[in-house]
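Both chains are given apart, each in its own frame, so use the hints to dock them into the complex.
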Amino acid sequence: MTLADLRPGQSGKILKINVAGALKRRLMDMGVVSGTNVSVEKVAPLGDPIEVRIKSYSLSLRRGEAKNIEVEATL
Amino acid sequence: MTNKHNSENQNNRAIKKSLTIAVAGNPNAGKSTLINAIAGTKLHVGNWPGVTVEKKSADFEYKGRRITLVDLPGTYSLSPYTQEEVIARDYLVHEKPDIVLNVVDATNLERNLYFTFQLLELGIPLVMALNMHDEARQKGLRIDAEKMESILGCAVIPTVATKHEGIDRLIETAIAFADDPGRHAPCAIPYGADIEAAVKTVLGDLQEYPQNNSNSLPKRWLALKLMERDELALKESGVPADAPFLTKATRHLRQAHGEDIEALMADERYGLAAGLTREALQKPEKRKRELTERIDAVVLNRFLGMPLFLALMYLVFSLTFTLGDPPMGWIENFFGWSGSILAGLWPEGSESLLKSLLVDGIIGGVGGVIVFLPNILLLFLAIAILEDSGYMARVAFIMDRLMHKIGLHGKSFIPMLIGFGCSVPAIMATRTLENRRDRLTTMLVTPLMSCGARLPIYLLIIPAFFPPVWHAPMLWIIYVIGILIAVVTAKLLRSTLFKGESVPFVMELPPYRMPTPKGVLIHMWERGWLYLKKAGTIILGISILMWAMTTFPGLPDRDTARFANERQAIQAAAAGKEEKSEQMASIENQAGEEALRYSIAGRIGQAIEPILTPVGFDWKIGTALIGAFAAKEVFVAQMGIIYSVGKANEESETLREKLKNTYTPLIGFCIMLFCLISAPCMATIAVTGRESGSWKWAMLQLGGLTLLAYVLTFIVFQTGTLLGVGI
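If you read the sequences in order, they're chains A and B. So the first sequence is numbered by the working numbering: it starts at 118 and just counts up by one. So the second sequence is numbered by the working numbering: it starts at 8 and just counts up by one.
Chain B extracted, bound-state conformation (with noise of 0.2 angstroms):
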């Protein structure tokens, strides 16, 4: 009685009131869906801390307990290869989860059972989810769970995360393992004598070892990782790889076996991974050809997978720009009217600061990076269908060719198409790249595609500059320059700053899947909420100081005063109404020509007309140019302003008409290259300074692309000159 009793205190005092569940899996197990499942709405995104790869985790209530579900990024391997595995691998070293929750692909046995061998070594509890139980039924592929729970000594539950099947069982059994640590009992991982021996060695000779300051990490495990000389874990336990006793301890193995320890463990592991599938799995007697791999047929055909992967790009391509159009205009009329409703507040005609700052500065900036919203929102849920389906897999597989040329993956091609919608999203698709030099190679690049805000600038210049047969040609060529000189920047950027190796291609072309409206929409949000929390309030300080650039210091007194007794005046003359309203518009252009011309950005535009000079440009573009660092189309408001054309647009005649007799096309092209080439606007340094992780690199690519395009202007406009082209 009294035993019982003890032992119930003692259970009592073991259990925890909060959790913490690791999810830990192969990509593609499943592992997103089953998280979704599990705790739904719940699931908060961040980053983990110092770098920019997402972090997911979910807190909930389950009976009267705290659960933290900590989702960890996809990993084939203990020995990290990718940021996302190092990760990983960090995480369950060093955090302790109480638990880890390993999701299977049931259809994909023996792989994904090599990494659950090495989740095992490290001793932490482990429940297994063997998922897609129902698409390996389906297959004729028939697991013996049981039987697998026999021979590893963990719980096994088939789950089916996409109709939330055994999703209760998975949660109630990793709660009892958890709070009952003992039911835990792995089987030991046996690799073969000659290799226990050595362990045997290493780990008595590690607990003499002065410098092994490692007493955190399981000992076992630690011995085996450091006969590989896994890098973190020599580093971790301060024990260098050249260490005597490793060296005595590994080339005897070396020497009897004729290949390297590494290589060794990796059979053992893939040998009882591929024992345990041979015992727990009945494949049917011959293999159907798989839905994948017919659909494969077609979409990586030699002939016709090139031009069916391009219509699809241009689909998603049309469908984000067309479907986004209407809601980008509810957007601009909301802005518009909460505009004037707020300026309505003051007393009409009044100047006052604040309201210019409230509807000029914080609406109009915010509201020109929010109106972007739809069309990101529409692609990233196109990117979601792609990734959730196995097709961006196919993407970088189809694309590597080109891509491995300028020293980049298959996979950096998405962020740059995306570049040419608009290039927030593309820096913000990088993080489907793995390595991280290949990652900021394209982030830096992608600016150059020519994004959709650009275009107004070209399609305000050329006309004006250009008989029509040249119209579309030029369009044309300003685009395949910015590709131009993206490649030759990436090839130079991967051979000096970038420099190393290119990333092995090695891929895992994953089987085709249905994706879930509600992983799909969930991936969607995340990513669109990131953009507006994150871009919004860099953008919302950018905002206020292009603002404050373009406002301050005010018109003196004493011009001011002119103005409103021109104002007077037009209003007691005896003119009519429309004349009148015509003239007031005319004040109201000077005004604001003088009010430019007096700010800081307008005398900005001034100091450094002489640096501008040499590449054809004035004053006025220099401050128009200012302005477009704020969002690009900006550039042709600006230029409006200080032409005096009050509110002008792409399609302004006026504006036109005055660009074309003050400037020659030599000028106009030089415009529309120094655009596409140069700082790219502020929200896209905003987003590369926070997915790069460093501010370092947003300056990198401000300054690096602003100095090509003078460089580059500076040529053309100099050869051009020289050569009476275009004058």
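Pulled out of the complex, with its shape left as it was, chain A reads as follows (with noise of 0.2 angstroms):
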């Protein structure tokens, strides 16, 4: 499962980024590694990108990007 997967209101811890070079830098750069809980927030109104909370801050990033980074959802 991926963090596209989550909907709205559901979250997920971190486990693996599963994509290399500069989008992985600055995914974990930006607080995702693994271990970190995250949750999605918002869809923009044109349906991309989503918004996600992760390290009490809010990061936004497109679903193909979130495709990369595997989830295991959480209650």
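Don't read these hints as lab results, they were simulated from the structure. One or more of the hints may lead you astray.
Covered, in the sense of this in silico footprint (three residues per stretch, anywhere, with C-beta under 8 angstroms from a C-beta of chain B), are these stretches of chain A [as the list claims (entries may be wrong)]:
hint: 1; region: 136 to 144
hint: 2; region: 147 to 153
hint: 3; region: 156 to 170
hint: 4; region: 182 to 189
Each computed SDA-like pair below joins lysine to any residue, with the alpha-carbon atoms no more than 20 angstroms apart [as the list claims (entries may be wrong)]:
hint: 5; chain 1: B; residue 1: K242; chain 2: A; residue 2: G138
hint: 6; chain 1: A; residue 1: K133; chain 2: B; residue 2: E275
hint: 7; chain 1: A; residue 1: K141; chain 2: B; residue 2: L365
For each residue, glycine too, the CB sits at the ideal point set by N, CA and C.
Following this line, the structure appears as structure tokens:
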């Protein structure tokens, strides 16, 4: 399951980033590291990107990018 | 006694007369506000060498010491990602400031600390400004600054930059630490035992590595960066990414942890940041729904988000142009007044080249650009408010889906929108784009957003050739054509010249904050000043050139004498006063037409007529188009001169009449189409040249758009002629 599969209001725990290179580095620098909790807050009016809450701040990313982030759903 | 004396001496020697303090931190941590609070009006803005990223620095005296404050672009990490981050990283690594002032957002401790740990690794003495302390308190966050100090081993000063709290203590501390680097005892950032073992072997091997030329870089930091295969560190040290000792050192780590080394290190650093946050930060039991979330619930709402955004943009836009209108009039009047004062220095009726250069060339040309200053300042004011409040990030969030389709980032939307007003501030607004490919693409297509100066052309042409029911739809069609071409061109550029993966969107949505008037005004003025200074110098040059092209060579003496005779004849004739002035005006118009036809611009117009015929234009339109390069609306005035109707504007009925009698509606449409797409005005070209850092792009914009305009107008004219539409 990936971050893109979570719906607004759902949260999960990050397991792994399945992409290499600049995107991965950026994600990690922004706090998307394994073991971190993340919750999906909102979807943009046009359906993409999405807003997530991580490490007590708001991060937005495209669905295509969120697909590379493996999560396990939590309550 | 002697010992003490000695140590004092040493201290004295260590004290430097001038200090450099670099201010670094995450974006949105309040860095600018803090710097404004410290340096205020002493701040000067330039560009970092070689790039167009704003460099802000301030020199000031503090207790007899000369302090240079350097504002580094907001940075999330020292593994740089954006152009701004590369600048910050290079400055910190190579320039070695005396001290780093790390601005940390107290409401977002963990992610900010991730960067702090990277700064500490660099080994530059660090003082932390724990900023927005008041906001953190309001949220019920309690931060133990002393505990942070003792864990990190560097000074931590709580500040509220917006209220000037803690600023003096911050400077005092920074200076004290800079004077006595020994006081700086940062905690070693301990990575796990495996990584530490690898670091040790890399450090040992690095010393013996022949190509290593990285003696100026901090050793441990370099070892870590090399293990991460940081591209810049590899380049600087001369160590290839596949150096055997690196592969050996990291292979084991990868096998043991099943993750690449980059991820391991990020995990470790975030682990440390999380650990420190747990130690020093007390959160309230239950998180309150923050103001930002409540605002976003409306502003980013599925149904309300888009209309609200469009309404806000419309408001910004109409305010910019309605509020900007009166001061524009004042500036116009001022330049008109100074032109006539200056002209008054010469005896009436005298033909002086110097007078013409000063009044028509310089005052006319530069005035024509400065006249946009009120609009530009207001637009920059609006942008500064949108940026400082945090809404700009939401704009990107809302518009990204559309912009992504043409290969751009959501943030590209704002410059393109501003382009409907004026391309110059629009191109300057591309500064908010982090990715260079995105920025260049946006810059190149922005002139296709039909700007305000092109409106007079449409307003002249449309009523001349089309029946009233077609007026509004025609105008709309022209604007839509511009947008469509921009979309196609952007897509084309992103898949050819600026090919490359589209940049990840991954972007922080910062909390909304009330912009401070001081910060917003400083922001506005900095950019406004850059516009004046940069555009001003180049535009002055081009104005003189354009003036020369429409002035030289002057009419031969024979013709001048002929017109002079005719003038005298009228004066001498026994006609009424009104009749006389009418006749005089007609002579002046004829003289103007003759002079323009004889000038370089006129000759170019005539010379290029064969090229223009296939798109339906004659030399007169060609000459006016050359004039339009100075500023688009000049086209109308030039047509007025050529058609001998004197001072023409878009309301000019006589000119419309003449146009209607000379050209077909198809040609009218082609004129509009060509003016819409072709070479943007010189101010736009000048700004593109400056902002892109290379005249290459400005020339591409000029040539590419003109060629595109030619091809499209050709197709339209030929098809129209063939099908018999509008002839």
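Exercise. What are the numbers of the hints that this structure violates, sorted from low to high?
Worked result: 4 and 7
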